[in-house]
Amino acid sequence: MMKLTRFIGLAKRPDFKLFITCFLLHWSSLVFGQESRIVKGIVYDYQTSEPLPYSTIVIKQSDSILCGTITDEAGTFQLAFKSSIDSTPLSLSASFIGYETFKTDIDSNLNTYKISLYPENINLDEVVIQGRKRVITQKNGKIHIKVLGSYLEQETTMEGLLTRLPGMVIRDNTILDVLKGTPLYYINGRKVTNTTEVFNIDISHISEITIDRHPSAEHGSKVGIIVYISTNQKNNDMFVTINSMVEQNTSLSEGGNINIGKNFGKSFLGLGVGYKYNYRKPSSVGNIKVFDDTPTGAEISSFEFGSKTIHSITQPLNTSLTFETNLGDKTFWGIRYDLDLNWKNVLENDSTRYNNYLEESVNSVYTEQNLSEKRNRHSFNTYFTHQFNQQKISFYGDLLIWRNNRKQSYNQLYNKDDSPVFTTSTPASYQIWSLSPRYQFSKIDKIKGEIGVEFTETRGTTKVLYTDPNDLNTHNNTKERIIATFGSFSHEINNVLNYTIGLRFEHSKNRYNYGTIQEPEQINIQSNRWLPSFALNLQKHSLSYRAGITYPDFVHLSAYTYYTNEYMVQKGNPQLKPEIWHEVEYSSRFFNSLLVNVGYRFAKKSFANSYEVNEEKNQITSSIMNLKQKITPYAMIYYSQKYRSWIPAVSLFYQQDFVSSPEIHDGTTRPNFYFNLDNQLLLKRDWSIQLSYNYNSKAVYNYFTMYDKHLLGLKITKSVLSKQLLMSLEINDILDQNHQKYYGSVRNIMIRQDEIRDSRGVVLRLIYRFNKSRKYQGININQDYLNRL
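Just so you know, the sequence shown maps onto residues 0 to 788 in numbering that gives the first Met the number 0.
The hints are simulated quantities; they were obtained by calculation from the structure and are not laboratory data.
Below, in silico cross-link-like pairs of lysine-lysine (DSSO-like), each with a Cα-Cα straight-line distance of 30 angstroms or less:
#1 604 x 462
#2 113 x 81
#3 113 x 59
#4 265 x 102
#5 570 x 373
Cβ pair distances, simulated, as ranges:
#6 696 x 402: 38 to 48 angstroms
#7 498 x 394: 25 to 35 angstroms
#8 627 x 685: 55 to 65 angstroms
Ideal Cβ positions, reconstructed from N, Cα and C, are used throughout, including at glycine.
Generate coordinates for the entire structure from the input sequences, incorporating the hints supplied.
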């Protein structure tokens with residue numbers, strides 16, 4: 000009885016060991032029912048790719064918040080937490096003031112996230128709330144220009160917007176960088192097939208423009224400057240953009256384009272059509288003097304020539320068809336077709352007066368020329384991309400079919416006496432196809448790399464056929480194959496230092512069959528080139544080096560003979576060698592608004608015009624030659640700042656060529672200074688006034704001395720209907736100074752020419768926008784080869 004009582008008594012007393020055991024069992028069930036996780040990543044602006052510090056990061060399970068934090072100054076974050084092992088999904092959200100909130104489910108196999116936030120526009124009864132951000136910034140050697148929400152949105156045309164970017168100007172109706180030449184354009188990561196597509200972009204859709212003045216190994220030596228255009232990818236179900244313009248002066252231009260797009264679930268279909276009509280009447284005069292090779296250099300003959308265009312009519316028509324679809328959340332496929340048609344008709348009167356001072360004779364020839372030209376181009380482009388775990392696999396393909404048929408008739412009159420009429424026909428056709436697979440990887444935006452291969456093959460035929468004389472007929476066949484491999488690697492250290500190294504290898508194999516039909520000739524050229532590149536970026540400072548190769552244009556490689564008249568002949572040069580160059584450049588930004596670029600370029604075998612005299616036939620033959628070497632130092636200073644409603648922009652450029660060649664005099668040439676002042680006033684009720692002035696000093700390019708120019712322009716803009724309808728009035732070349740005058744000497748020949756053209760004019764432009772547009776994201780590989788046509 001005692002034993003039983005004692006047992007019962009023990010049962011009633013709290014047993015400490017049993018309590019500990021039960022406690023541990025209870026909490027172990029909770030602990031082992033949870034999973035420990037660590038999630039980290041970076042948050043950045045989708046448009047500028049800049050980190051967003053102090054963004055809010057929250058992790059939820061169902062509707063319960065497990066943990067949260069904010070990103071540091073570099074935009075990075077790291078969270079350690081425990082979650083239930085049941086099947087309840089985890090979600091990650093990131094938010095920042097002025098941006099749309101990002102939400103995604105957390106993958107059990109993924110612990111690192113790269114989050115991009117889209118800016119949002121907040122409109123409250125026509126009152127727009129905008130944060131103050133610098134319009135122009137510099138990061139990792141690239142210049143970033145914010146368009147969305149800035150004063151640059153006031154521009155009505157892409158031409159006007161591009162010329163307001165640092166270093167960009169317009170010359171001879173071509174937009175280019177003063178120091179780097181014609182840029183290569185990308186729209187949302189796709190290399191542009193035709194610059195017409197760039198000029199048709201609706202500015203209200205552009206979020207940011209990035210300028211890269213030292214491209215990576217991917218681009219090799221094909222281009223000296225790249226302009227990346229980023230558009231807002233958020234689309235309505237349908238969009239329409241209509242752009243029309245008319246320009247009147249001594250010439251007449253009118254045209255327009257319309258772009259229509261429609262979303263179908265995860266697919267997109269777009270159609271664009273553009274047309275333009277140009278009517279011009281330019282004229283030019285000049286003379287060529289020939290000297291003997293004696294020390295005194297006495298003049299032995301001269302050619303005086305003049306040209307007056309009765310009319311020059313150009314009618315380009317372009318259309319495009321785009322289809323894109325999402326094959327998954329991270330897989331995209333697209334195809335695009337572009338058709339460009341161009342009709343040209345020119346009626347021109349030329350006169351050439353030949354003076355032979357040794358024979359004391361004077362002869363004159365008058366030529367009436369009638370030119371008609373038809374050109375068409377078909378371009379097919381496709382792309383495929385797939386992303387996984389901060390890696391990306393891409394494939395791009397191109398096919399380009401280019402045809403041109405040019406016919407020209409000459410009615411040549413000697414001393415105004417009739418002579419027979421002869422005609423020339425120059426049919427040409429080229430096919431270019433390209434393939435490029437690529438692989439990219441990144442690690443939280445600190446480490447990035449890319450490797451890829453490019454294969455391009457060009458086949459073309461060009462003929463020059465004369466009715467008389469037949470001995471000038473030529474037939475040229477071109478076959479060029481270029482295989483390139485490239486790789487680049489970049490690393491950012493502590494958000495302060497960034498370096499990029501790249502290497503490109505190009506193997507080219509060229510075969511040219513050229514010459515007359517009776518006596519054909521053939522040239523085979525094969526070369527291998529290693530092209531390194533390097534860039535070191537320290538916050539606002541950047542130092543870069545590039546090596547490159549530039550191939551001659553196909554037309555210059557053709558052994559054609561273009562007969563202007565009895566005394567003037569143009570020829571191609573199939574013996575041209577590629578240009579090899581090296582470039583070093585330093586760039587920096589001071590006081591947030593001042594950009595400075597200083598560079599040095601050394602080139603061998605640069606291309607330049609060449610002139611020779613055939614004393615037996617009394618003819619001047621012009622062609623293309625290789626210079627021995629050319630050294631070009633250059634510099635740029637750009638300043639822009641907004642003062643309330645006044646936005647001034649000042650650009651100053653310096654460039655100088657040191658040319659060495661047996662055909663011309665060695666030594667220093669005259670430097671070129673270019674100054675541009677742009678003033679914009681933003682007035683109430685969406686009015687804008689822009690006054691621009693630029694000055695181009697007298698300078699020497701290669702061996703030609705170009706005269707100075709003064710250009711003054713005025714532009715008035717007004718937007719209505721909540722900026723859906725924009726109207727602009729432009730007055731160009733108010734001072735009537737846009738004339739092309741130059742002179743230079745080659746061997747014993749001095750050339751002088753003045754091109755007279757009245758570019759004063761008034762332009763009226765109307766633009767209507769309905770909803771947002773979308774831009775195709777493929778890459779066109781063969782654009783460089785198209786330019787060589």
